[in-house]
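Asker: Using the sequences plus the hints, can you model the full thing?
Number of protein chains: 2
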Amino acid sequence: MKIETKTAHFSSPLYLESGRILEPYEIIYETYGTINADKSNVILICHALSGSHHASGLYENDRKAGWWDGLIGDGKAIDTTRYFVISTNVIGSCFGSTGPMSDNYYTQEPYRLKFPVVTIKDMVHAQMQLLSQLGIYHLKAIIGGSMGGMQSLQFAVDYPNLADEIISLASTYATRPWTIGFNKVAIEAIRRDPRFNHGNYQKDTFVEDGCDGIAIGRIAGHISYLSPDSMDDKFGRNYVSNDGLFELFGRYEVERYMEYNTNNFSKIFDPLSYLYIVKAINTFNLSRGYDSLHDAISRIKARVHLISFSSDYLFFPSEMEHIANMMKRNNQPHTYLEVDSNYGHDAFLVELDKFEENIKDVLK
Amino acid sequence: MKIETKTAHFSSPLYLESGRILEPYEIIYETYGTINADKSNVILICHALSGSHHASGLYENDRKAGWWDGLIGDGKAIDTTRYFVISTNVIGSCFGSTGPMSDNYYTQEPYRLKFPVVTIKDMVHAQMQLLSQLGIYHLKAIIGGSMGGMQSLQFAVDYPNLADEIISLASTYATRPWTIGFNKVAIEAIRRDPRFNHGNYQKDTFVEDGCDGIAIGRIAGHISYLSPDSMDDKFGRNYVSNDGLFELFGRYEVERYMEYNTNNFSKIFDPLSYLYIVKAINTFNLSRGYDSLHDAISRIKARVHLISFSSDYLFFPSEMEHIANMMKRNNQPHTYLEVDSNYGHDAFLVELDKFEENIKDVLK
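First to last, the protein sequences are chains A and B.
If you read the first sequence in this note's numbering, its first letter stands for residue 24, the second for the next number, and so on.
If you read the second sequence in this note's numbering, its first letter stands for residue 24, the second for the next number, and so on.
Keep in mind that a hint or two might mislead.
If the Cβ cut is set under 7 Å, some of the chain A residues that face chain B in the computed set are [what the hints assert, rightly or not]:
1. Met24
2. Ile26
3. Ser41
4. Ile44
5. Pro47
6. Lys137
7. Val140
8. Pro200
9. Val208
10. Glu211
11. Ala212
12. Ile239
13. Tyr283
The following residues of chain B were derived to be distant from chain A, with all beta-carbon distances above 10 Å [to be verified]:
14. Glu27
15. Thr54
16. Asp126
17. Glu132
18. Thr142
19. Tyr224
20. Leu271
21. Asn308
22. Leu372
Simulated from the structure, these hints should not be mistaken for lab results.
All residues carry an ideal CB built from backbone N, CA and C; glycine is no exception.
Answerer: This is the structure we're talking about:
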């Protein structure tokens, strides 16, 4: 599989939903496979909160491959021998696209808290500029899970003629207060972290020992990415063998898992980016800018494929079903699959075998 | 209703599950109503994580009555014209019973992190000493919700001849990793709070502006006390009217609720006590000390009344049902009620009208 990483530069302003502009800006992206002559084999992949453009393949010196490596590649469900796959990094991110710690062109200082709020609509809008720069005006499919699934749906509503197929996994039509509540843990933990210093930290502050605010917020995140049953299966009530049951800070396995995952994450993810991306998730509402959700959904011309997971405690199956029911009443082409899973929200990253055939079918 | 608040002093050691001892110690408690001549009308109430002995009545200058005021009082479901109700504050608490910020008798300094770990079994054991000091050897009933429900079940198992009726609401037989995960947010947020200072804070440190660690951990708590549907009903996607949707720190109503409740709480609840009580919840396991859960449950002689709430996302109905099924197979006298509720875990504090008749029936 041919992999390329590129950065696109945009000197014309990006008009944001807030009324503010972002100018200039950059989008980093990876591509897998080869584009055909009539550019008819392009698939766009959208990433989730903690993801990046690195969806597939293994970088040199990396232990872990891209976040959907099992799904994207030669002969895989998203087959790179047939399709040219573009995976972009959202604006607001800390992995290469313009975000809050990028230098403001006019001051040559990082934006920090002066970075404008970006929304899912804005992320999608920015990706449209990228496609335009690449001379790509039509996509075979747009695919994403969680926040990536929000983007794929937002594409479907805002740009009805862009893609043939929309695949949205483990996502929703509008973020509910339950999920906003989980995100609130991270927002407050970061805000109140003294080393965050109201956003005025130095760039390398958290490389060595991580950002406490992110680590704490991320524990709440991991709860919502798993499920009560998956935690029973994964950890049970097992105790870390060297810890004492009657020591105050002795830990259960589930606690060690939380520590390990969140500490690592807090060294690589920028806290300002986390705040901005969480804000984009919280403000996600397909109906904003339209008269109603029905009005928004009715605009869709693509075939929409909705995949939910029975044990998803972040975006419940009923939320995806709500979209499916609306499309059904409208006689709009769509499929809905509730995958039977114990794994929780993370199933869209982990239990690929449970839905890869469906994706293959859609792309056939 | 006659209300008294008293503190009982114990100079003999309390042998703890950990093998350590607590000596001397105190238990603060409230009583409602009047004990009859043969002491046959006593009911014991056990409180939850954030609760105290103040279960009913209104203190002077207080805006809020005790946490089960709607249930305990003259003519109420737990009728204080008939029953003498004792509500104790658990050891480890910060509301008057001996806890980590109490002075160690031998050093005249607060225990802080040297306070021994206490378990639900220990809390119950301490309350037994109180009953003994009061000359009460038999109870009409022991009633509690959440951590209070754990205590009532632990009483049933450890002291089979003590009570006629056990009522346990919104509780479990052993804390699952899902709940331990929620508690982990608080543990890490408190530990990493610089003002917590490894437990070496001054006693009045958090009175003015609260403890960030508790406030953050408590947000995770409040998520688990509500439910996705109750949050939809209570907050929807409403925005705080003065906040800007496109301001980074603009807030949804659910976020304001979290801020308000957790900030207030973080001024009154001691962070060390929070850590110790959360530890007691995490280590709760009815089967510990017995060969199996079945062995533990089989000891019970009281009639057990289990009440779960359909939307409880902290202790799921299936957990209470598990106990009920075991008692059923054993032919042990019990009732099981799953209350249909949208309200989440907090229903046991809020939707009294949905189960007060059941409690009345039990106490008739």
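Asker: Would you mind marking each hint as holding or not holding in the structure?
Answerer: The hints, checked one at a time:
Taken as an interface hint, Met24 (chain A) does not check out: its beta carbon lies about 37 Å from the nearest beta carbon of chain B, beyond 7 Å. At a threshold of 7 Å, the smallest CB-CB gap from Ile26 (chain A) to chain B is about 34 Å, leaving the interface hint violated. Evaluation of the Ser41 (chain A) hint against chain B yields a held restraint, the C-beta minimum of about 3 Å falling below 7 Å. A least Cβ separation of about 13 Å between Ile44 (chain A) and chain B goes past the 7 Å threshold, and the interface hint is therefore violated.
For the restraint placing Pro47 (chain A) at the interface with chain B, the shortest Cβ-Cβ distance is roughly 21 Å, beyond the 7 Å limit, so the hint is violated. Violation of the interface hint for Lys137 (chain A) is found here, the shortest Cβ-Cβ separation to chain B being roughly 10 Å, above the 7 Å cut-off. Hint on Val140 (chain A) holds. Least Cβ distance to chain B is approximately 5 Å, under the 7 Å limit. With 7 Å as the threshold, the beta carbon of Pro200 (chain A) comes within range of chain B, its nearest partner Cβ sitting at about 4 Å, so the hint holds.
Because the closest C-beta pair between Val208 (chain A) and chain B is about 5 Å apart, less than 7 Å, the hint holds. Satisfaction of the interface hint for Glu211 (chain A) is found here, the shortest Cβ-Cβ separation to chain B being roughly 5 Å, below the 7 Å cut-off. The restraint placing Ala212 (chain A) at the interface with chain B holds, with a minimum CB-CB distance near 5 Å, inside the 7 Å limit. With a least beta-carbon distance of about 5 Å to chain B, the hint placing Ile239 (chain A) at the interface is held under the 7 Å criterion.
A cut of 7 Å between beta carbons decides the hint on Tyr283 (chain A): the least distance to chain B is about 12 Å, and the hint is violated. The Cβ of Glu27 (chain B) lies farther than 10 Å from every Cβ of chain A, with a closest approach of about 34 Å, so its non-interface assignment holds. The beta carbon of Thr54 (chain B) sits about 32 Å from the closest Cβ of chain A, which is more than 10 Å, so the claim that it is off the interface holds. At roughly 19 Å from the closest C-beta of chain A, the C-beta of Asp126 (chain B) stays outside 10 Å, upholding its exclusion from the interface.
Separation of Glu132 (chain B) from chain A is adequate, the least Cβ-Cβ distance of about 18 Å exceeding the 10 Å criterion. Distance check on Thr142 (chain B): its Cβ comes as close as 8 Å (rounded) to a Cβ of chain A, failing to clear the 10 Å threshold; non-interface status is violated. Separation of Tyr224 (chain B) from chain A is adequate, the least Cβ-Cβ distance of about 15 Å exceeding the 10 Å criterion. With a closest Cβ-Cβ approach of about 6 Å to chain A, Leu271 (chain B) is found to fall inside the 10 Å limit, against its non-interface label.
A cut-off of 10 Å between C-beta atoms contradicts the statement that Asn308 (chain B) is not in contact with chain A; the least separation is 7 Å. Residue placement check: Leu372 (chain B) keeps its beta carbon more than 10 Å from all beta carbons of chain A (closest about 18 Å).
Violation of the numbered hints given earlier is confined to hints 1, 2, 4, 5, 6, 13, 18, 20 and 21; the remaining hints are satisfied by the structure.
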